[in-house]
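Once you've looked at the hints, dock chain U against the given chain V.
Here is what each chain is made of, one letter per residue.
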Amino acid sequence: GAGVSQSPRYKVAKRGQDVALRCDPISGHVSLFWYQQALGQGPEFLTYFQNEAQLDKSGLPSDRFFAERPEGSVSTLKIQRTQQEDSAVYLCASSLPVNSPLHFGNGTRLTVT
Amino acid sequence: AQSVTQLDSHVSVSEGTPVLLRCNYSSSYSPSLFWYVQHPNKGLQLLLKYTSAATLVKGINGFEAEFKKSETSFHLTKPSAHMSDAAEYFCVVSDGVYSSASKIIFGSGTRLSIRP
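Chains as they are written, first to last, in my numbering: chain V, 86 to 198; chain U, 408 to 523.
These aren't lab readings, by the way, just hints derived from the structure by calculation.
Worth double-checking, as some hints may not be accurate.
With a straight-line cut-off of 27 Å between C-alpha atoms, the simulated DSSO-like cross-links for lysine-lysine are [to be verified]:
#	chain 1	residue 1	chain 2	residue 2
1	U	Lys476	U	Lys465
2	U	Lys475	U	Lys456
3	U	Lys456	U	Lys476
4	V	Lys99	U	Lys449
5	U	Lys449	V	Lys96
6	V	Lys142	V	Lys96
7	U	Lys449	V	Lys163
8	V	Lys142	V	Lys163
9	V	Lys142	V	Lys99
10	U	Lys465	U	Lys475
11	V	Lys142	U	Lys449
12	V	Lys163	V	Lys99
13	V	Lys142	U	Lys475
14	V	Lys96	V	Lys163
15	U	Lys449	U	Lys465
Looking at chain V on its own, in the form it has when it is part of the complex (with noise of 0.2 Å):
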């Protein structure tokens, strides 16, 4: 497909599991950025990549966050330790890069138990 692939879509975690969500962005697009988005809010930025470069992760809640993409391409947000106030919607976006519109997953919803 065309668009930006994320899965899986929907996860549950018992608090304190380590959880690994996955982001295929568009092929071609070297920015790509995660989003947090709880229920019923607008998304909060967590980290962006241009390529393989983490340019920006000021948004991240915790040292349990940590976000990789080794090639440029594929991307994984790992959780460690979960805690409840880490449910919710998990975006993806890839962009081309300056000021370019965002191209969005459709999220992976984590809820921790």
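Quick look at chain U alone, frame taken from chain V:
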């Protein structure tokens, strides 16, 4: 610092009547502004964007928005609502000089409901 305020958390209109979703922004630079739509369990889709060309911007599905610098507004309108327009709408402001991803700011969203 940039910010964006969506003035209504919920708007309800009858099918066939006009839609107005309000957005005000603040930005230190000439901003780029966007409207995105999110249908239930779907990803965010770009409706339209303003990037300092024409102040009246036309988007998909009959939506348009007007950039008014004097009012720092970028309201979204549609002349005639359709049932399929029911969704969550987000106004987004981006630093005109793209220097940091964290300067792409989303509003809190407006839920649009359409009455038959």
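Structure-based check of each hint:
{"no.": "1", "hint": "Lys476(U) - Lys465(U)", "verdict": "holds (17 Å)"}
{"no.": "2", "hint": "Lys475(U) - Lys456(U)", "verdict": "holds (14 Å)"}
{"no.": "3", "hint": "Lys456(U) - Lys476(U)", "verdict": "holds (15 Å)"}
{"no.": "4", "hint": "Lys99(V) - Lys449(U)", "verdict": "holds (25 Å)"}
{"no.": "5", "hint": "Lys449(U) - Lys96(V)", "verdict": "holds (16 Å)"}
{"no.": "6", "hint": "Lys142(V) - Lys96(V)", "verdict": "holds (23 Å)"}
{"no.": "7", "hint": "Lys449(U) - Lys163(V)", "verdict": "holds (22 Å)"}
{"no.": "8", "hint": "Lys142(V) - Lys163(V)", "verdict": "holds (13 Å)"}
{"no.": "9", "hint": "Lys142(V) - Lys99(V)", "verdict": "holds (26 Å)"}
{"no.": "10", "hint": "Lys465(U) - Lys475(U)", "verdict": "holds (15 Å)"}
{"no.": "11", "hint": "Lys142(V) - Lys449(U)", "verdict": "holds (25 Å)"}
{"no.": "12", "hint": "Lys163(V) - Lys99(V)", "verdict": "holds (15 Å)"}
{"no.": "13", "hint": "Lys142(V) - Lys475(U)", "verdict": "violated (33 Å)"}
{"no.": "14", "hint": "Lys96(V) - Lys163(V)", "verdict": "holds (13 Å)"}
{"no.": "15", "hint": "Lys449(U) - Lys465(U)", "verdict": "holds (23 Å)"}
In this structure, the one hint that does not hold is number 13.
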